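The chain contents come next:
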Amino acid sequence: MELLRSLLFAPGNQPERLRKFPRIDADAFVIDLEDGTPEADKSAARAQLAAIVDELRAQPLGGYLLVRVNDPQSAHVEADLEAALGADIDGIVVPKLETSDQVRYFGAALARARRDRPLAIVGGIESMRGVMAAPTLAGADPHLRALYFGAEDYITDIGGQRTPAGLEVLYARSQVVLAARAAGLAAIDQAVVEIRDETRFRDDAGQGRQLGYGGKICLLPRQVELANALFSPAPAQVAFCRRLLEAAGAAARQGSGVVEFEGRMIDAPLLKRARAVAALADRIGAD
Amino acid sequence: MELLRSLLFAPGNQPERLRKFPRIDADAFVIDLEDGTPEADKSAARAQLAAIVDELRAQPLGGYLLVRVNDPQSAHVEADLEAALGADIDGIVVPKLETSDQVRYFGAALARARRDRPLAIVGGIESMRGVMAAPTLAGADPHLRALYFGAEDYITDIGGQRTPAGLEVLYARSQVVLAARAAGLAAIDQAVVEIRDETRFRDDAGQGRQLGYGGKICLLPRQVELANALFSPAPAQVAFCRRLLEAAGAAARQGSGVVEFEGRMIDAPLLKRARAVAALADRIGAD
Amino acid sequence: MELLRSLLFAPGNQPERLRKFPRIDADAFVIDLEDGTPEADKSAARAQLAAIVDELRAQPLGGYLLVRVNDPQSAHVEADLEAALGADIDGIVVPKLETSDQVRYFGAALARARRDRPLAIVGGIESMRGVMAAPTLAGADPHLRALYFGAEDYITDIGGQRTPAGLEVLYARSQVVLAARAAGLAAIDQAVVEIRDETRFRDDAGQGRQLGYGGKICLLPRQVELANALFSPAPAQVAFCRRLLEAAGAAARQGSGVVEFEGRMIDAPLLKRARAVAALADRIGAD
Chain A
25 MELLRSLLFA PGNQPERLRK FPRIDADAFV IDLEDGTPEA DKSAARAQLA
75 AIVDELRAQP LGGYLLVRVN DPQSAHVEAD LEAALGADID GIVVPKLETS
125 DQVRYFGAAL ARARRDRPLA IVGGIESMRG VMAAPTLAGA DPHLRALYFG
175 AEDYITDIGG QRTPAGLEVL YARSQVVLAA RAAGLAAIDQ AVVEIRDETR
225 FRDDAGQGRQ LGYGGKICLL PRQVELANAL FSPAPAQVAF CRRLLEAAGA
275 AARQGSGVVE FEGRMIDAPL LKRARAVAAL ADRIGAD
Chain B
25 MELLRSLLFA PGNQPERLRK FPRIDADAFV IDLEDGTPEA DKSAARAQLA
75 AIVDELRAQP LGGYLLVRVN DPQSAHVEAD LEAALGADID GIVVPKLETS
125 DQVRYFGAAL ARARRDRPLA IVGGIESMRG VMAAPTLAGA DPHLRALYFG
175 AEDYITDIGG QRTPAGLEVL YARSQVVLAA RAAGLAAIDQ AVVEIRDETR
225 FRDDAGQGRQ LGYGGKICLL PRQVELANAL FSPAPAQVAF CRRLLEAAGA
275 AARQGSGVVE FEGRMIDAPL LKRARAVAAL ADRIGAD
Chain C
25 MELLRSLLFA PGNQPERLRK FPRIDADAFV IDLEDGTPEA DKSAARAQLA
75 AIVDELRAQP LGGYLLVRVN DPQSAHVEAD LEAALGADID GIVVPKLETS
125 DQVRYFGAAL ARARRDRPLA IVGGIESMRG VMAAPTLAGA DPHLRALYFG
175 AEDYITDIGG QRTPAGLEVL YARSQVVLAA RAAGLAAIDQ AVVEIRDETR
225 FRDDAGQGRQ LGYGGKICLL PRQVELANAL FSPAPAQVAF CRRLLEAAGA
275 AARQGSGVVE FEGRMIDAPL LKRARAVAAL ADRIGAD
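Protein chains in written order, with our numbering: chain A, 25 to 311; chain B, 25 to 311; chain C, 25 to 311.
Same shape as in the complex, but just chain A (with noise of 0.2 Å):
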C-alpha cells in the first residue's frame, strides 16, 4: 500500500453507488459499513457484501479493494469483520482506533483468513484516545499498513469547532503523520466535508502533503481526481530529480563527490527526496 493518493469511501448499502467503482481512478475504494451505512441497514448490507464484491472483481478496478468495519467497540464489529472476510477484498478499514490490543485483534483476525495475498488493514485515527496512542499503537500488527486522521469525528471527541486553516486539528493531525510514517504506514489526511468546495479540498489537500501525508480520504469522484493530482509530483519536479539523480549517478561512476547541480548543492536530503519522488512517479506512470 505504498501508492494511496485516494481513498473513495462509499456506503454499503448503496450498490449503485458502488457499483461506479470501475468508472474511478481512486487508489483504494472503501465499501463502508460504519457511519455510511444507517443502522437500520448494517444487516442487509453485510448480507449483500460478498455479491457486490463479486461484481466488482468482475471488472477492472484501479485500486485496491476494502471494507470498512464499525468501530472496534460497537456491536457489529464481529459481523462486519466476519462479512469482510467472506469477500474477495484487499483488506478492512477500522476506525476509531484507540490501542494496540485492537490492532492485533483485527490482524489476527486477518491472519486466520489464510488468503493466496496477504491482507491489511487502514486504521482510522479519530478520537482523543486514538490520536494519544497513535505512536504505539502504529507498530503493533504487520497487517496494518496505512493510517488515516479523521478531522472531523475527533474534534467532536475533544469538543471543539472545525475551521478552514485548521489550526485546532494541527497538533493531532501532525501527531497522526509523524506516528504513521515513522512506523513505515502510508498517512491519509482528513476528509474535506464540504463537498462543493474545491479551492478548500485544494487548499487542505496542500496542507496535508506539507505534513508528509500521501493521500487524502475522498467523499466523491471529484476529490479523487483531485487527490490523485495532488498528491502526484509535478511533472517539472519529476524531470529535475531524474536529471539530478542521472548526474549523481554519472558522478559517482567516476568517483568524484557530486557537489553542485544547476546552481543547487546536492546534499543527502535532496538526493533523498530526489529518489523517493522519481520511485512514485515510476509507480504512477508519471513523466
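If you are wondering where the hints come from, they were derived from the structure by calculation, not from laboratory data. Because the structure is a prediction, the values reported are computed rather than measured. It is possible that some hints are incorrect.
Computed beta-carbon distance windows for the label pairs [said to hold, decoys possible]: (1) B:Asp306 to C:Pro159: 39 to 47 Å; (2) A:Arg267 to C:Glu249: 30 to 38 Å; (3) A:Pro166 to C:Glu40: 16 to 24 Å; (4) C:Ala292 to B:Ala82: 27 to 35 Å.
Heads up, the beta-carbon is just placed ideally off N, CA and C, and yes, glycines get one too.
We have chain A already, so just place chains B and C on it with the hints.
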C-alpha cells in the same frame, strides 16, 4: 464541574474585590493566594480566608468557590492547604502541577477533609514539565476535575515570547486540552493579560473553543461576561440541535435510519455534537 | 553552553572557509564532516582536522569550536570521532540523534578523552524517530548540552514539504525545543537555506525565539550577525529589566511585597523573565 466557562481570579489579600463575587456571574470564583497575593501578605490572607468565605457564603453565589494555593514546591503550600480546608469552599486550584504524585498528594488531603460534598482540584499546567506530564497526571486522582493552561508562565519557563496569534504555545495548548478532555476533565484556556483589549479576548477565546477548551481564566468581571457568552452555544445552534435531535428521535421510533435533515447528512459525529450542545444549553438555561 | 545564539557550519574539506572563523563573531563554530563534506573528501578532511584546529586555536576565537561527525549509523562515525578527539576542540555535533543509547555512546567516548575541560555534545534532531525520542534522549547523558532542530532533513524523512510559514514543522519544532529546555539544554533553531533572503531569516528566527529557541544554525557569516542580534535582548528591554530588578530588590530590603512598577503588575513570571534577560545581557556585554 462540567460547566466552567469562566474561572475568575481575585487576590486573596484584597477583601473588597472578593466581596464583589456575588455580583458577578462566573461559573467559578478563585481566591488567589499565589501570584495574586504578594509574599508579605500571604500569611494575613490565609488568616482571613475562612471569614471572607463565610461572608461570601451568606449570599447567593452563582458558581463554585475555590482557593488557589501556592505551587506544590513552595514553602507556603501546607499552610495554604490548611487554611483552604478550614474554609467552606468547593475545592482548590493548584498551580504549576508537574507530577502525578503532586496530584495524589492534594487528592489525599481533600479526601481527609471529609466534607459532605466532594471537593475538587483544578490543576494548572503552566511549565515545561507540566505540559510534558499532562497526559499522565490528568488521570492521577479522581479529585482532579479540571486543568487550565497557563500560557504566560509556560512561555516564561521555556524562554519564549508570547504573540497575539499564539503559534508559540499551540503545541502546549493543544496537548493540555487533549490530556484534560481524554481523562474526562474540564479544560480551561489561557488568560488574556491585555485586560482592556476585548477583541484580543474574543479572538483568543475563539481559538480556545475551537481547540476544545470549555472556558477561560478571567481576570476581571468584563472577561467573565465575554467568556460566558463565547463558551455558550449560540441560540440558533441550540435551536438547530434540538430540531435535529427531535427528528432523529422520531425517525428512530419509526424504525428508520435517518439520513438527511435540513439538507445535511446526519451522521454519528453530528448527532453526538448536537446532544452535547443541547445538554450544555439545558444546564445554562439557554434557548 | 548557555549562550548559543549562532552555530556556524563550514565544510570540513574547505580550509579556506574554516580559516575565516576567527574573523566571525559566532557563539559556536562547527567544522562539518557530515553533509558539508562530500563522501570522497571525508577521509582527507579527517586527516587535516587537527592541523586546522591548531591553526584556528593560535588566534583568538570568539566562540566554541566543534566538529560535526557523520550520523551515528554511518560507516564514518568511528573515524570521525577519533579524528575529532585528536584535535583541540570544545565538543562534537552529532547529527540525526534518534536514541538515548546513541547519546550515551558519544558521551562515553568524550568521557574517555579526559580533557582538562569537559567536552560537549550538541545533538541534531532531524528525523521522525529523533523527534519522537527527543523528550527521553535529551536527558540521557550529561555531556549533551544542546539540541538543534533540522527542519530540512525532518521534512524529507517524513515525506512532506517545507513552506515559509512553517506550520508543517510546528509540531516537531515545538517538541524539540520543549524536550531540550525541559532537560536544561540549549535549543538551536532550524537553518534557513534561502541564504540570500534576510527577511526570511529574520521571520524564521523570530518564530524560533518565540517558541523558546535561544539561537539558530547559520550557514554564512551574515546569518551569524543576524542571529546574534535577533537572539539578544533589545537594549530597551535590558534597561527595563534592570530597573525592575533594582526596584524589586529595594522593596524586598524594605520588607514590602512589591506590587507595581512603571504601571505594570510585578508577578513571579515577570521577575523571572527579567532575571533571565539581565543575565543574558551580562554575558554578552549588552547595555
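Hint by hint, here is what the structure shows:
1. Here the CB-CB span from B:Asp306 to C:Pro159 is close to 42 Å, well matched to the stated 39 to 47 Å.
2. For A:Arg267 paired with C:Glu249, a C-beta distance near 36 Å keeps the hint of 30 to 38 Å intact.
3. Restraint check, A:Pro166 to C:Glu40: a C-beta distance of roughly 52 Å breaks the suggested window 16 to 24 Å.
4. Under the hint 27 to 35 Å, the C-beta atoms of C:Ala292 and B:Ala82, about 33 Å apart, fit the expected range.
Checked against the numbered hints above, the structure breaks only hint 3 and satisfies the rest.
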